[in-house]
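Protein chains in written order, with full-length UniProt numbering: chain A, 1 to 443; chain B, 1 to 285.
Hints are supplied without guarantee of correctness; some may be wrong.
[Stated by the list, open to error] Facing chain A, a subset of chain B residues (Cβ under 7 angstroms, in silico):
{"hint": "1", "residue": "L25"}
{"hint": "2", "residue": "I49"}
{"hint": "3", "residue": "A51"}
{"hint": "4", "residue": "L98"}
{"hint": "5", "residue": "A102"}
{"hint": "6", "residue": "W147"}
{"hint": "7", "residue": "V151"}
{"hint": "8", "residue": "I158"}
{"hint": "9", "residue": "Y218"}
{"hint": "10", "residue": "I241"}
{"hint": "11", "residue": "V249"}
{"hint": "12", "residue": "F267"}
{"hint": "13", "residue": "Y269"}
No lab work stands behind these hints: they were computed from the structure. Here a beta-carbon is modelled for each residue, glycine too, at the ideal position from N, C-alpha and C.
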Amino acid sequence: METKNNDHSLLSDKDQKKVRTAMLLSIIPGLGQLYNKQLVKGALFLVIFAGFVIELILFGAGAVQGLITLGTVPREDHSLFLLIEGTIQILIILIYLVFMAAVMMDANRVAKKRIVNPNAVNYTVKATAVSVFENGFPYLLTIPAYLVMIFAIVFPVLVTIFIAFTNYNFQNVPPANLIDWVGFETFSSIFTLTAYRDTFFAVFSWTIIWTLAATTLQLIIGVFTALVLNQPHIRFNRFFGVIMLLPWAVPAFITILTFSNIFNPSVGAINTQVIPFFNQIIPFLEIPAISWKTDPFWTKIAIIMIQGWVGYPYIYVLTSGILQSIPNDWYEASVIDGATAIQKFKHITMPHIFAVAAPIFITQYTGNFNNFNLIYLFNEGGPGSVGSGAGSTDILISWIYKLTTGTSPQYNISAAVTLIISAIVITISMIIFSRTRAFEMED
Amino acid sequence: MNKPKRIKTQKNSRFWNKLFSYAYLIGLSIVIIYPLLITVTSAFRTGNIMAFDLNFTGPWSLANFSRLFNNTLYGTWYLNTLKVAGTTMVIQVAAITLAGYAYSRYRFIGRKQSIKFFLIIQMVPTTAALTAFYVMALLVGGLNTHWFLTVIYIGGGIPMNTWLMKGYFDTVPLELDESAKLDGAGHLRSFWQIILPLVKPMIAVQALWAFMGPFGEYMLARFLLRTPEVYTVAIGLQTFISNPREQRVTLFASGAILIALPICILFFYLQKHFVSGLTAGGTKG
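The following block holds chain A by itself, in its conformation from the complex:
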């Protein structure tokens, strides 16, 4: 499609001027099309343009102004609604700009076509409808996905960004109070106010430790289990295969809540059944009851182990699939060369697993970075406190939850922390994706 730009030199000066006129006229969508004698299309685009202008006058201008001021009279102006309406308007303007660009490109394309091959241009209603269906079919297919994403992702992201720059918290709740823009104050208070700074860095460093430890554990168990179970001489591999998958098949919240009870320090099964059992069968072993869930250290150990339990089957399934795809003659050739089992693993198996699964392994890390369910359902982020409402096992996402739902919600701090999390996750994913060629596409 883009090759058509190259025939610019073939057009005479007069023709080039025509093309440019058609395109520039389309700044008001429809005029360019009318200039190209496509009356139906032009009229349709003009109607859309008129609709946009009317919308802007009736609603848009006020909405943008509301977004700028966030209201002036308490109780009369509801700052939150003004913010939302302003955000909607910004989205409408963005969508309109995309539409305008498309219309300008269309006018340009048709104007050229008229010069090169006048008969190929559609002038009638029917021809236009057919051509819209033919060329517009892929766009039509993506529209449902876009509509939902705009509502459920793009819009919330914009609102989060805006709220992070306001003073919206439990002391400023509309409609009784007005919300104001405060610039970077929210971000700077996270990093400068001692209360927030200490909490943020405590929570942040545990989030990093948790992510690395839990994900690596689940990767090791998953890959190792796949290696053991895929040895040709293992019997009952079907039977073991089903058992190994159970932690994935059972919804995680059920197992986490079960573990939460099993790890109860006073009545839970680990302290009342498992530890006494080992003390009994192994001579001279005397493990005392461990204070899971009341001692931060042991809570963290428990959480990491549970994530290993919950998360490894995914890795195991993936690795098993990859192992079966490694050609057998690679191993045979290496045996002839006298390779040991360890060498085979190091030079054939491992590189192959990583080549295929590295991006998915990375998503496991970013997933655990935001693994709210485990942290919150196991012990609600406790025990104890590291200030500003966060407990000793809270990670950033569960801290956000507490900041938003607590008795004194700090919506703006919560939004700012959300942005920080997103920035971290997106940066890491972008680096990985660009390394793994996911961005390089065919054609």
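Please build the complex by placing chain B on the supplied structure of chain A, with the hints as guidance.
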């Protein structure tokens, strides 16, 4: 002279390998089954139990299940969850199948930018945008409703799964489309009759995941659903076990079984398609 010795050490190492492998598999199996078996047996135990342990002494009964439906809102929660999960599944799978097909089969203006947009947007941890959802819900009356939650679930899953879907469509040979076109099939027919039947396994896997998601999601549901009548099972069951003074663990266990059993069956039924579904998106751009 050297040979017998080598065979002997090989035999020896194979023995140790076997011993270790089976020890590992059996050990891991016990670790997996222990908590699950505790839940299963507790569901059938009677009496007031403070905490789970593995106990085969009985007495056994189905009393927990009837209590679950007669004395708690469990039935309502279950229906709520089925409603949310079912809607999420249908709409999300339809949207990602259409979009994945478009990105795999058509070369249109804006395609590359659009795919990149999907790749970047799927990295955004949307559940973290709690405050934004709260404010939006206030404006559109979405607090305590199922439709609002459902839309967020659908939207959150679309970018990543469209990407996986596109990857799977890419594995269907292009020659099929071309021969369909030669036979005079239009856009709709070649999509509906030729290509769609070939990606059924992937659609089944996507449907299962979209369905399982709302069963396990806790954070948004807890935040947006405020009264017990509209709870989903995840929040409802948590209320049985979260209050330290009133632990109803046997009720929790019986409720958990009724969720886990159907999901497990679906899971193992579709499990053989998982690997192709997982790697399809990664191996081909």
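Hint by hint, here is what the structure shows:
1. Nearest Cβ of chain A to the Cβ of L25(B): about 5 angstroms, under the 7 angstroms cut. The hint holds.
2. At about 9 angstroms, the closest approach between the beta carbon of I49(B) and any beta carbon in chain A exceeds 7 angstroms, and the interface hint on this residue is violated.
3. At a threshold of 7 angstroms, the smallest CB-CB gap from A51(B) to chain A is about 4 angstroms, leaving the interface hint in force.
4. Interface restraint check: L98(B) against chain A, minimum CB-CB distance 4 angstroms, threshold 7 angstroms, status holds.
5. Annotation: interface hint on A102(B) holds; nearest CB of chain A at approximately 4 angstroms, less than 7 angstroms.
6. For W147(B), the interface hint is violated, since its Cβ never comes within 7 angstroms of a Cβ in chain A; the closest pair sits about 11 angstroms apart.
7. For the restraint placing V151(B) at the interface with chain A, the shortest Cβ-Cβ distance is roughly 6 angstroms, inside the 7 angstroms limit, so the hint holds.
8. Of the supplied interface hints, the one on I158(B) holds, with its beta-carbon coming within about 5 angstroms of a beta-carbon of chain A, less than 7 angstroms.
9. Taken as an interface hint, Y218(B) checks out: its beta carbon lies about 5 angstroms from the nearest beta carbon of chain A, inside 7 angstroms.
10. Among the interface hints, the one on I241(B) holds; its C-beta lies about 5 angstroms from the nearest C-beta in chain A, closer than the 7 angstroms criterion.
11. Taken as an interface hint, V249(B) checks out: its beta carbon lies about 6 angstroms from the nearest beta carbon of chain A, inside 7 angstroms.
12. The criterion of a C-beta within 7 angstroms of any C-beta in chain A is met by F267(B), whose closest approach is roughly 4 angstroms, and the hint holds.
13. The restraint placing Y269(B) at the interface with chain A is violated, with a minimum CB-CB distance near 10 angstroms, outside the 7 angstroms limit.
Hint compliance for this structure: hints 2, 6 and 13 are not met, and every other hint is.
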